[in-house]
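Protein chains: 4
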Amino acid sequence: MTVKEEISAKDKALFEAGIKLGALYHQFIGTPVSTETAKELETAIENSVSLQPWVSAVKVEIDREKVRKWETESPFKYCELRGEMLDVEVVVRYEDVEVHARVKYDEQMDYSLMRVEKIVYYT
Amino acid sequence: MTVKEEISAKDKALFEAGIKLGALYHQFIGTPVSTETAKELETAIENSVSLQPWVSAVKVEIDREKVRKWETESPFKYCELRGEMLDVEVVVRYEDVEVHARVKYDEQMDYSLMRVEKIVYYT
Amino acid sequence: MTVKEEISAKDKALFEAGIKLGALYHQFIGTPVSTETAKELETAIENSVSLQPWVSAVKVEIDREKVRKWETESPFKYCELRGEMLDVEVVVRYEDVEVHARVKYDEQMDYSLMRVEKIVYYT
Amino acid sequence: MTVKEEISAKDKALFEAGIKLGALYHQFIGTPVSTETAKELETAIENSVSLQPWVSAVKVEIDREKVRKWETESPFKYCELRGEMLDVEVVVRYEDVEVHARVKYDEQMDYSLMRVEKIVYYT
Numbered sequence: 150m151t152v153k154e155e156i157s158a159k160d161k162a163l164f165e166a167g168i169k170l171g172a173l174y175h176q177f178i179g180t181p182v183s184t185e186t187a188k189e190l191e192t193a194i195e196n197s198v199s200l201q202p203w204v205s206a207v208k209v210e211i212d213r214e215k216v217r218k219w220e221t222e223s224p225f226k227y228c229e230l231r232g233e234m235l236d237v238e239v240v241v242r243y244e245d246v247e248v249h250a251r252v253k254y255d256e257q258m259d260y261s262l263m264r265v266e267k268i269v270y271y272t
Numbered sequence: 150m151t152v153k154e155e156i157s158a159k160d161k162a163l164f165e166a167g168i169k170l171g172a173l174y175h176q177f178i179g180t181p182v183s184t185e186t187a188k189e190l191e192t193a194i195e196n197s198v199s200l201q202p203w204v205s206a207v208k209v210e211i212d213r214e215k216v217r218k219w220e221t222e223s224p225f226k227y228c229e230l231r232g233e234m235l236d237v238e239v240v241v242r243y244e245d246v247e248v249h250a251r252v253k254y255d256e257q258m259d260y261s262l263m264r265v266e267k268i269v270y271y272t
Numbered sequence: 150m151t152v153k154e155e156i157s158a159k160d161k162a163l164f165e166a167g168i169k170l171g172a173l174y175h176q177f178i179g180t181p182v183s184t185e186t187a188k189e190l191e192t193a194i195e196n197s198v199s200l201q202p203w204v205s206a207v208k209v210e211i212d213r214e215k216v217r218k219w220e221t222e223s224p225f226k227y228c229e230l231r232g233e234m235l236d237v238e239v240v241v242r243y244e245d246v247e248v249h250a251r252v253k254y255d256e257q258m259d260y261s262l263m264r265v266e267k268i269v270y271y272t
Numbered sequence: 150m151t152v153k154e155e156i157s158a159k160d161k162a163l164f165e166a167g168i169k170l171g172a173l174y175h176q177f178i179g180t181p182v183s184t185e186t187a188k189e190l191e192t193a194i195e196n197s198v199s200l201q202p203w204v205s206a207v208k209v210e211i212d213r214e215k216v217r218k219w220e221t222e223s224p225f226k227y228c229e230l231r232g233e234m235l236d237v238e239v240v241v242r243y244e245d246v247e248v249h250a251r252v253k254y255d256e257q258m259d260y261s262l263m264r265v266e267k268i269v270y271y272t
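Protein chains in written order, with the numbering used here: chain Z, 150 to 272; chain S, 150 to 272; chain W, 150 to 272; chain P, 150 to 272.
Treat the hints loosely; a few may be bogus.
One copy or two, either will do: identical chains are not told apart, so a pair holds if it fits within one copy or between any two.
[Said to hold, decoys possible] With a Cα cut of at most 25 Å, we get these calculated SDA-like pairs of lysine to any residue:
| no. | residue 1 | residue 2 |
| --- | --- | --- |
| 1 | K208 | K218 |
| 2 | K159 | V269 |
| 3 | K218 | S199 |
| 4 | K218 | Y270 |
| 5 | K208 | Q257 |
Keep in mind that the hints were calculated from the coordinates and are not lab data. No experiment lies behind these values; they were computed from the predicted model shown.
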């Protein structure tokens, strides 16, 4: 067993990328949404993530087909944002390391998977 | 003691107005915000409330002075939406009754008070 | 059109009952839960609602069958609290009026309906 | 510039630790709490974090002094959980790597800092 207390730029970037995905997921899931308001909700989520430390890019996509399906079937013609509707890519840069992470619904697992897609070193 | 199980249009409108304020408050408190993104967050909250049943109008104001103060003092130049920054007016119409409700920070109580401001009858 | 700015004890109780349901729904939806932790989550929700002004009783039931179904099918053996799992009864008393309200999933509408079940007058 | 698409066990553990802290923070901030209910809320948060993938330990502490101060000054004798009240340590183990992370309020920064405290290798 080895214990390390020094944290590298890369460690920090990975950790911060996780924070951003965990935070946005639990902040916005449940928000009322419709096909008409989805665009503005995407922008609001992008803005809120962009403000956080070390975020260099973020792209949010809400699945219009799923929103349409839910709102059509709902008695009041809207739905709540669900994990299965969300696809978010976030890029965190800490010093010379950039982590590209993403949360996207995995149909087969029926689960919103968060994962690191790539790590870029600017050295 | 008298028990009434029949609910009038007015009862329903009052109840629904409460739902809207309770919901938006707990959905959006904690969202990262800055003076630059406040306008779009206001719109996103307005949209999400408007979608809900029987809402006929909604106006959201985020106190820019408070956001500015928090973001200036914060190490990362943004802040989280707090109850004391929010002023929301929502109008719920159910049949011929309209309830105007509001959540607004009360400085003296240091509390975000939700209250019914007026009831309008269209009969 | 008649405008009324005076709010009765009954108006207030109805409005407050709505606030409680809207708030708890958007606060707790999304919380990770399993059949093993459901009991304690029910208690935590009951506690948090009980603290709020004019709440005289609250009972939370999380549908174990639905939790079991989701956790069994999930790749990581837990699920997130969803509206369809929640049945909450809350009693709000304001002066001499008591409102009994409830949020419960309606299978046919596929919607978590919030409604006033009865109003009790202690006069 | 070097791009790496292979993610190590350590990368994954760091990322997952971030997810857990980001998620719990945005899930539970805003929950009504008092000195009487703090213990049970701590347990509920611990349970919900424990359920998530690769969490091997979690300890939640809600600062009773701050809760007491807020509830005493509040008109309704309770308060909402705020970042400054929370101290959470979470341990994530992925394969042979363990990440110890923590969110704790930093008085001087007036900010809830999330950080990796140590990394343990079981090889």
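For each hint, the structure was consulted:
no. : hint        : result
1   : K208 / K218 : within (23 Å within a copy, 28 Å between copies)
2   : K159 / V269 : both (9 Å within a copy, 16 Å between copies)
3   : K218 / S199 : between (30 Å within a copy, 19 Å between copies)
4   : K218 / Y270 : neither (42 Å within a copy, 36 Å between copies)
5   : K208 / Q257 : within (23 Å within a copy, 33 Å between copies)
Comparing the model with each earlier hint shows a violation of hint 4 alone; every other hint is respected.
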